[in-house]
Amino acid sequence: SALIIGGTRGLGEVTAKLIAAGSGKVKLSYYKGSSEAKKIVNDIIKNGGNASYFQYDVLYPNTMKIKKILKDWKPTHLYYFATPFIFSASKGRFSDSLYKLFFEYYITGFKSLVDILKFEGIKSFYYPSSIAIDSSPSDMKEYVLAKIEGETLCEKIEKENPHIKIFKPRLPRIETDQTVSLFPVKNEDPINVQLVQLRNFRDKYEV
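Using my numbering, you'd call the opening residue of the sequence shown number 67 and step up by one each time.
If you're looking for bench data, these hints aren't it; they were derived computationally from the structure. Glycine is no exception: its CB is placed at the ideal position from the N, C-alpha and C atoms. Treat the hints with care, since some could be wrong.
Mimicking DSS-like on lysine-lysine, the simulated pairs with C-alpha atoms at most 27 Å apart in a straight line are [unchecked claim]:
#, residue 1, residue 2
1, K189, K222
2, K131, K105
3, K177, K270
4, K133, K231
Pairwise CB distance ranges, derived in the manner of DEER restraints [stated by the list, open to error]:
#, residue 1, residue 2, range
5, S201, N113, 32 to 42 Å
6, N253, E226, 29 to 39 Å
7, D162, D269, 37 to 47 Å
8, N227, K131, 17 to 27 Å
9, K134, A87, 22 to 32 Å
10, W139, K177, 19 to 29 Å
All chains should be built: construct the whole structure from the sequences, respecting the hints.
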């Protein structure tokens with residue numbers, strides 16, 4: 067049973083459909099655009115899957131709303147794909163406001179959810195990191211710094227909560243609406259990449 071935060075676009079959508087195709091039960095969140103969420107869920111159900119959706123803003127965590135959602139449905143895993151637009155920085159210039167936005171999504175938003183869900187018995191969390199950490203592109207400094215701090219947060223959470231396991235693969239640049247470019251840039255196929263990672267997550271953190 068998968069709770070997918072940010073499940074209406076990019077990797078979140080791919081993950082929802084792959085898990086549903088593998089007979090998993092999916093509940094995905096959207097921030098804006100209920101029509102997109104409805105379309106994805108209907109597509110999953112039409113093809114024999116089990117899915118539903120709900121609205122949630124990770125920047126304003128709502129404990130009561132999460133508890134209400136989990137009242138009659140207990141997920142085994144959380145997949146966290148909430149993100150602002152990634153490629154919006156200026157080359158060679160660090161933006162404090164952009165870094166703060168990334169920080170709120172990747173650190174504050176994720177930690178708030180973990181703090182809520184760990185008391186609901188959820189022990190396995192999927193937190194996508196990025197190979198941009200290794201290459202550190204000059205026009206992605208804010209994103210890279212936030213992702214590094216996100217990985218550090220995951221390690222801290224695991225240390226303080228031995229029963230919790232967080233899978234944080236450094237994913238390559240993947241072909242989604244986030245990576246559309248007029249310039250020739252190599253983007254990996256999201257289905258192939260994510261299928262491998264989902265299997266790794268399953269095998270490493272089986273519940």
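Open item on the list: Between the alpha carbons of K177 and K270, is the straight-line distance 27 Å or under?
Closed with: holds (21 Å)
Task: Holds or violated: K133 to K231, with C-alpha atoms at most 27 Å apart - done: Satisfied, since the Cα-Cα distance of roughly 21 Å is no more than 27 Å.
TODO: With respect to the beta-carbon atoms only, verify the hint that N253 and E226 lie 29 to 39 Å apart.
DONE: Given a distance of about 36 Å, which is inside 29 to 39 Å, the answer is holds.
Open item on the list: Just to be sure I understand the hint, the distance between the Cβ atoms of D162 and D269 should be within 37 to 47 Å; is that true here?
Closed with: Holds, since D162 and D269 (Cβ atoms, about 40 Å apart) stay within the stated range.
Open item on the list: For the hint 19 to 29 Å, verify it against the beta carbon of W139 and that of K177.
Closed with: Given about 23 Å between the Cβ atoms, the range holds.
Open item on the list: What's the verdict on K189 and K222, does the C-alpha distance respect the 27 Å limit or exceed it?
Closed with: This hinted pair holds, its Cα atoms lying about 15 Å apart.
TODO: Determine whether the Cβ-Cβ distance between S201 and N113 falls within the hinted range of 32 to 42 Å.
DONE: Roughly 37 Å apart at Cβ, these two residues keep to the hinted range, so it holds.
Open item on the list: So if I understand the rule, the pair passes when the alpha-carbon distance is 27 Å or less; does K131 with K105 pass?
Closed with: With a Cα-Cα distance of about 23 Å, the restraint between K131 and K105 holds, given a limit of 27 Å.
Task: Range agreement (Cβ of A87 with Cβ of K134, hint 22 to 32 Å) - done: Hint holds: Cβ distance 28 Å, inside 22 to 32 Å.
Task: Distance restraint hint 17 to 27 Å, applied to the beta-carbon atoms of N227 and K131 - done: holds (22 Å)
When held up to the earlier numbered hints, the structure conflicts with none and fits them all.
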